[in-house]
Amino acid sequence: MDILLVEDQRMDIELMLYALKKSRSPCNIVVMQNGQDALNYLLDDNSENQHAGHSWPNLILLDLKMPGIDGHQVLAKIKQTKHLKQIPVVILTSSSELKDRIRCYDSGANSYMVKPSSYHEFKMLIDKIREYWLELNTAAEDS
Amino acid sequence: MTEDKLKNVSHYFSMLDYIHGGVCLLQKDYTVLFWNECLEDWTGISKGDIIGQEIDQFYPHLKEPKYRERFSTVFEGGPPAVFSSQFHKYVFPCFLSRKRLRIQHTTVEGIRLDDDNEIYAFIACQDVTDLTERIHAYRTMRDQAVEEVKERERAQQALQEAMKELESFSYSISHDLRAPLRAIQGFSEILAKEYSTSLDEVGQHFLNNVVEAGTQMNQLIDDLLAYCRISDGQEQGYIIPLQQLFEKIHRQISNQLHEQQGILELPGITPDIYVNESLLMQIIMNLITNGLLYHRKNIPPIVKVSCEIKNDFLLLRVNDNGIGISKEYHEKIFEVFQRLHANEEIQGTGIGLANVKKATTLLGGVLSLESTVGEGSEFFIQLPIQNKNKIDIMKNYV
Amino acid sequence: MQLSELQLDTLTELINIGVGRAAGVLNQMTQFPVKLQVPAITLLRPQQLAKESGLNDDDPFASVQLNFKGLFSGNAALVFPTNSAVKLVSILTGESPASDIDEITVGTLNEVGNIVLNGIMGSISNVLEQGLKYSLPSYSEQALIELYDIDHLKPESIILIGKTQFSVEEIHIEGEILLIFELGSFDALINAIDNILAANA
Numbered sequence: 008m009d010i011l012l013v014e015d016q017r018m019d020i021e022l023m024l025y026a027l028k029k030s031r032s033p034c035n036i037v038v039m040q041n042g043q044d045a046l047n048y049l050l051d052d053n054s055e056n057q058h059a060g061h062s063w064p065n066l067i068l069l070d071l072k073m074p075g076i077d078g079h080q081v082l083a084k085i086k087q088t089k090h091l092k093q094i095p096v097v098i099l100t101s102s103s104e105l106k107d108r109i110r111c112y113d114s115g116a117n118s119y120m121v122k123p124s125s126y127h128e129f130k131m132l133i134d135k136i137r138e139y140w141l142e143l144n145t146a147a148e149d150s
Numbered sequence: 004m005t006e007d008k009l010k011n012v013s014h015y016f017s018m019l020d021y022i023h024g025g026v027c028l029l030q031k032d033y034t035v036l037f038w039n040e041c042l043e044d045w046t047g048i049s050k051g052d053i054i055g056q057e058i059d060q061f062y063p064h065l066k067e068p069k070y071r072e073r074f075s076t077v078f079e080g081g082p083p084a085v086f087s088s089q090f091h092k093y094v095f096p097c098f099l100s101r102k103r104l105r106i107q108h109t110t111v112e113g114i115r116l117d118d119d120n121e122i123y124a125f126i127a128c129q130d131v132t133d134l135t136e137r138i139h140a141y142r143t144m145r146d147q148a149v150e151e152v153k154e155r156e157r158a159q160q161a162l163q164e165a166m167k168e169l170e171s172f173s174y175s176i177s178h179d180l181r182a183p184l185r186a187i188q189g190f191s192e193i194l195a196k197e198y199s200t201s202l203d204e205v206g207q208h209f210l211n212n213v214v215e216a217g218t219q220m221n222q223l224i225d226d227l228l229a230y231c232r233i234s235d236g237q238e239q240g241y242i243i244p245l246q247q248l249f250e251k252i253h254r255q256i257s258n259q260l261h262e263q264q265g266i267l268e269l270p271g272i273t274p275d276i277y278v279n280e281s282l283l284m285q286i287i288m289n290l291i292t293n294g295l296l297y298h299r300k301n302i303p304p305i306v307k308v309s310c311e312i313k314n315d316f317l318l319l320r321v322n323d324n325g326i327g328i329s330k331e332y333h334e335k336i337f338e339v340f341q342r343l344h345a346n347e348e349i350q351g352t353g354i355g356l357a358n359v360k361k362a363t364t365l366l367g368g369v370l371s372l373e374s375t376v377g378e379g380s381e382f383f384i385q386l387p388i389q390n391k392n393k394i395d396i397m398k399n400y401v
Numbered sequence: 415m416q417l418s419e420l421q422l423d424t425l426t427e428l429i430n431i432g433v434g435r436a437a438g439v440l441n442q443m444t445q446f447p448v449k450l451q452v453p454a455i456t457l458l459r460p461q462q463l464a465k466e467s468g469l470n471d472d473d474p475f476a477s478v479q480l481n482f483k484g485l486f487s488g489n490a491a492l493v494f495p496t497n498s499a500v501k502l503v504s505i506l507t508g509e510s511p512a513s514d515i516d517e518i519t520v521g522t523l524n525e526v527g528n529i530v531l532n533g534i535m536g537s538i539s540n541v542l543e544q545g546l547k548y549s550l551p552s553y554s555e556q557a558l559i560e561l562y563d564i565d566h567l568k569p570e571s572i573i574l575i576g577k578t579q580f581s582v583e584e585i586h587i588e589g590e591i592l593l594i595f596e597l598g599s600f601d602a603l604i605n606a607i608d609n610i611l612a613a614n615a
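Residue numbers (our numbering), protein chains in the order written: chain E, 8 to 150; chain Y, 4 to 401; chain H, 415 to 615.
This list has only true hints and no planted wrong ones.
Straight-line C-alpha distance at most 20 angstroms; calculated DMTMM-like pairs for lysine to aspartate or glutamate: (1) Y:Lys-10 with Y:Glu-121; (2) Y:Lys-196 with E:Glu-21; (3) Y:Lys-92 with H:Asp-516; (4) Y:Lys-196 with E:Asp-19; (5) H:Lys-449 with Y:Glu-72; (6) H:Lys-547 with Y:Glu-121; (7) E:Lys-72 with Y:Glu-168; (8) Y:Lys-153 with H:Asp-514; (9) E:Lys-72 with Y:Glu-170; (10) H:Lys-483 with Y:Glu-121; (11) E:Lys-84 with E:Asp-15.
Source of the hints: derived by calculation from the structure; they are not laboratory data.
Build the full structure now, drawing on both the sequences and the hints.
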């Protein structure tokens, strides 16, 4: 799987999927709508991993403001877990607050992006993220 | 009791007529043996009237146990009695004026006269009216001062809490408003781009309207958030050289310049001072943006920014060749959401200038405006320089 | 200077009769009924005052004192930590507490001291069936150590200390009474007490 998207807003998810669909090369995406589900998916995956031939995501796109466990806590957990911390996590949020940025980088986020308001810019951003993290960047593990 | 005794007593105690306090001598049976001039003065009862009489005749309240018991102790050879002004205003009521009582501190001591085995009560009354009033006045004043300090602290506390609330409120509002806005804009844009063929001209036009409205709303939220953040003092932050600020502005403004086909002149030589980055950015960017936005039809906007240092102040001027602002609106334009022009002509949010004013005030500065309709405007800002080279928030504003 | 338990109890009771009478006088003047008692007393020599009195050396105390002379002589004092004094005046007069001890409060404390000490001295002089001469009470504020010039007190003097509890409506305020009996005076008192005990035996 290429991208794990952790995002609670349905419409943001739809826009994201639409943008990715329109991009140059196809992507496999798994969507989790809240932090707890995302963590369960990543952590429980351990045992099923060997059998199902499932691989880790190559990129995690993580929203910050979610009900229940928020993005900060998900980020912290991922970056503290031995077999997960190598996966690049790009924070994709509507918050440009300094304290959110600092906290994310302190927790080990690989990148922090603010969701643009226009779709046009959003599509450009998604294309660039895809290009940078999935094509240009070399992952820790070959999947 | 004999005439002789009375004569002896009055002779013996005659000096006490000269003192500034009341003195009375009572025999064991409560007969008055001596009544000094001061008491005559204070009570209006003359020696002639009261000496030889029982004190109860003139002051029946002295029959009450709270006096009787303590006087008895004295007559029996016991210790003296003290009647303080707080518990009893007086033993002998005396008036200063028609309504004002003298407040007194009275002591009653047992004394012996000659070889008499009898004990007599020596009553001394001290006028403490002035003292009492002064102390009460002092106490009131002091209580008031304490209350004022508490009030100020309460107000300060309330202010802090309100500011905190505003901060979290404005932040969550902007975040919550942006989510559906992203959806509105996003899907409308997609429709306008990729499904336009399904719509006729009118439909496409309406769709464009939706997109435009969304863009405007987003700008509004940005401006409003900036306004709130200036209020809550969040804009305390980086201090950078003024030169660097102008360079940043130059980079950020290039898109807008291109769109408006405008020209921006920034100062060639910048004074060597350090400024609060976000507040000065707010001020200058908003003014430049306005200058570019409010241009005259078919005349490309030219905005000039100049600055100089004079007497510990940084003087900033931003002038433009735009449509100008009529004098009657010179105050109003700095209020939030005040716009002078309908949306069609020029797309502003009405918050920019309010931000400029707020930021200027936080820095302890003054803002003024000169403008001619049809020719242009000049915004003039005077900012105090602290510590010889810094422009930052004035402490009493935070 | 050891008293038998019986003697000590009798002395304590004597003092309580005195403060009981004082409470009666106070009740005539206050809004709410006042209860006053001295649950226990301690006897010390002057040298022991600083260490064993349990009164903190440096704290400022408000004290009302009077002297007595006669068959036995000495000094009686009613002593409060300054903020207790302020509180006491407030609950007795029903006025809100002053923030410090001003002249009005001094006058009031003088009267309270006068009433309480008079009660105690009255009780003691009754037992001795002797008249004493008394001074008017005077007020002072200082650390306890400065209150009595310990060096000038004869080492044979006896100091009697008792905690004095004022209770008004749920509020309790504690002060101390100190009675200093100069040389020989205390013996006279104990003899008188022994006589009472003998008479009642």
